[in-house]
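*Asks:* The listed protein sequences derive, respectively, from chains D and P. Note that UniProt numbering numbers the first sequence so that position 222 is 222, with each residue one more than the last. Note that UniProt numbering numbers the second sequence so that position 58 is 58, with each residue one more than the last.
Watch out, some of these pointers could steer you wrong.
Stated by the list, open to error - To give an idea of the chain P side of the interface with chain D (calculated C-beta under 7 angstroms), a few residues:
1) Arg12
2) Ala13
3) Arg16
4) Ser17
5) Ala18
6) Gly22
7) His23
8) Val25
9) Arg31
10) Val65
11) Glu66
12) Val68
13) Gly133
14) Leu138
In case anyone wonders, no lab produced these hints; they're calculated from the structure. Backbone N, C-alpha and C define an ideal beta-carbon position, used for all residues, glycine too.
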Amino acid sequence: MQNAQRRLASTATAQKLKPTIPLSSVRTFPPPQALKPKDSKSPIFFDSDTWAASQPPPPAAVTAFAHRVGLGKLTTSPKLIQQACTHESITLPYSKLHPNKPLPLTNTNLATLGNSLLGLFATEFVHASYPHLPTRVVKAAVSAYVGPTTCADVAREMGAAPLLRWYRAPNTLLRPAVLHHEALSSVSRALTALVYQERSIEAAKSFAHNYFLSREIDLRAMIKFTNPKKALALTVEKFGREKPISRLLKETGRFSVSPVFVVGIYSGQDKLGEGFGSSLSMAEFRAAEDALQRLYLTRTPPDQLRLPSQTFTGDVFGNLSSLKSTPYIPGELGHAEVNYGSAGRSSIVNPANRTLSEEELEED
Amino acid sequence: MATLTATRPIFRASLRSAQANGHAVFIPQCRKIVFEYCDKWPSSANTRTFLLKHLRSVAEENPHVELVVRQRNHKEPIARGFYINDRDKVVPLNGFEVNGIQKKVQLLLDSSGAKIKPLKRRTIESTTESARGIWSGLHVDELFKI
Numbered sequence: 001m002q003n004a005q006r007r008l009a010s011t012a013t014a015q016k017l018k019p020t021i022p023l024s025s026v027r028t029f030p031p032p033q034a035l036k037p038k039d040s041k042s043p044i045f046f047d048s049d050t051w052a053a054s055q056p057p058p059p060a061a062v063t064a065f066a067h068r069v070g071l072g073k074l075t076t077s078p079k080l081i082q083q084a085c086t087h088e089s090i091t092l093p094y095s096k097l098h099p100n101k102p103l104p105l106t107n108t109n110l111a112t113l114g115n116s117l118l119g120l121f122a123t124e125f126v127h128a129s130y131p132h133l134p135t136r137v138v139k140a141a142v143s144a145y146v147g148p149t150t151c152a153d154v155a156r157e158m159g160a161a162p163l164l165r166w167y168r169a170p171n172t173l174l175r176p177a178v179l180h181h182e183a184l185s186s187v188s189r190a191l192t193a194l195v196y197q198e199r200s201i202e203a204a205k206s207f208a209h210n211y212f213l214s215r216e217i218d219l220r221a222m223i224k225f226t227n228p229k230k231a232l233a234l235t236v237e238k239f240g241r242e243k244p245i246s247r248l249l250k251e252t253g254r255f256s257v258s259p260v261f262v263v264g265i266y267s268g269q270d271k272l273g274e275g276f277g278s279s280l281s282m283a284e285f286r287a288a289e290d291a292l293q294r295l296y297l298t299r300t301p302p303d304q305l306r307l308p309s310q311t312f313t314g315d316v317f318g319n320l321s322s323l324k325s326t327p328y329i330p331g332e333l334g335h336a337e338v339n340y341g342s343a344g345r346s347s348i349v350n351p352a353n354r355t356l357s358e359e360e361l362e363e364d
Numbered sequence: 001m002a003t004l005t006a007t008r009p010i011f012r013a014s015l016r017s018a019q020a021n022g023h024a025v026f027i028p029q030c031r032k033i034v035f036e037y038c039d040k041w042p043s044s045a046n047t048r049t050f051l052l053k054h055l056r057s058v059a060e061e062n063p064h065v066e067l068v069v070r071q072r073n074h075k076e077p078i079a080r081g082f083y084i085n086d087r088d089k090v091v092p093l094n095g096f097e098v099n100g101i102q103k104k105v106q107l108l109l110d111s112s113g114a115k116i117k118p119l120k121r122r123t124i125e126s127t128t129e130s131a132r133g134i135w136s137g138l139h140v141d142e143l144f145k146i
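Construct all of the structure, not just a fragment, from the sequences and the given hints.
*Replies:* If you want it as structure tokens, here you go:
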């Protein structure tokens, strides 16, 4: 038991990810290349992992996978789906093992196209749903919805892991090592591109919305502040409201070991946010955070969502789709966030603009 | 960096979303069922009848499942279901009539592959926050005194 516990995590995952083939897909097992002929005395160079990885998945498994994902009627043969499940890292070991056979079709081009499509759909969805969200948070949300980790998770939850054909290529000077989640993420992207290729962009959009944009993300955890009071003051000024003032609403246990203060932050008569804390400054901090989060996280109701991709009608070849497109009414643009704290790592604050009359007075 | 920020950076690889199977589309969790039967023994007789008569209709009704039939002589018949969470469920088919075997196959098709856990003693588990919020003694009309 102790030895099992001391085993490195890397070897444990490598054991789990060793390629396994269902016996139903192999005609002759063990493969003839693995067996030593009786006559010759020369050693045999056979790597079982490479051989297993280069075997195609059984067609029944590929068809079942296509039906599970709702793409059963996309194509008549499972070849396209198989192409979507083949990562480019398989080409080198395959060519070494079967030098005379043609190389299997890989999903690189499809994955790139699918990545672009997913980025498009995710960005417009996030921006239209949360119009006041700061840019850096929009970027983080898009990564959460269609980034590499999520694409790998989606592929795994669809059941693409046993069908994926890849090879754990080591680090070379030209490109980094290929990891399992990297190979898996190419599958879900390639499927999106397949839907676009075989059907239309609207079909690809509904595929993306169903499998990627219906998932749950924690947006609140992506909004972080260094100085929320300052950010709130600048935001309130931008909206043309009164300066924010914090007021103590409730308190208990002030000089005890566990005080609790509830502070509200007001702009005139309107309460912008409320926060609690064990110190007055902490409560004020949380109140400012709360106020900004109430602004940033205002969400367009899903039935009122107007996405620009609604205007895309038709397929790749320019044929208009049979569905009538409703006239597109663009959604309201949210107010851009204040410069302070929005530009990533830069803490540059622009000096306040002077009016012309002030300058004229100074000249005089 | 000249100034230290109070917040921790968010690493791109940690940005992920949680599964919501069924919210928009439902992905059935069973991906493959393997039937193993013996060609001779009488304990596999009902299984053989099922495989010859009813398996085709099961396959037609469930196109998302890969069905495999294996001969395993001098052993009791089983059905092994493989699931997306990498677990498998094994169900022995000896002792059942054909309709019993159909029910067991349906059980495998309906299952999620998760371990059977007792639900009697578990408190509420949810991914969403409570609808009415958590009670606070400071947010009532009269401050709550312990």
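*Asks:* Each of the hints needs a verdict: does it hold here or not?
*Replies:* Hints, one by one, checked against the model:
| no. | hint | result |
| --- | --- | --- |
| 1 | Arg12 | 6 angstroms, holds |
| 2 | Ala13 | 6 angstroms, holds |
| 3 | Arg16 | 4 angstroms, holds |
| 4 | Ser17 | 4 angstroms, holds |
| 5 | Ala18 | 4 angstroms, holds |
| 6 | Gly22 | 9 angstroms, violated |
| 7 | His23 | 5 angstroms, holds |
| 8 | Val25 | 4 angstroms, holds |
| 9 | Arg31 | 5 angstroms, holds |
| 10 | Val65 | 6 angstroms, holds |
| 11 | Glu66 | 4 angstroms, holds |
| 12 | Val68 | 5 angstroms, holds |
| 13 | Gly133 | 13 angstroms, violated |
| 14 | Leu138 | 4 angstroms, holds |
Comparing the model with each numbered hint stated earlier shows that hints 6, 13 do not hold.
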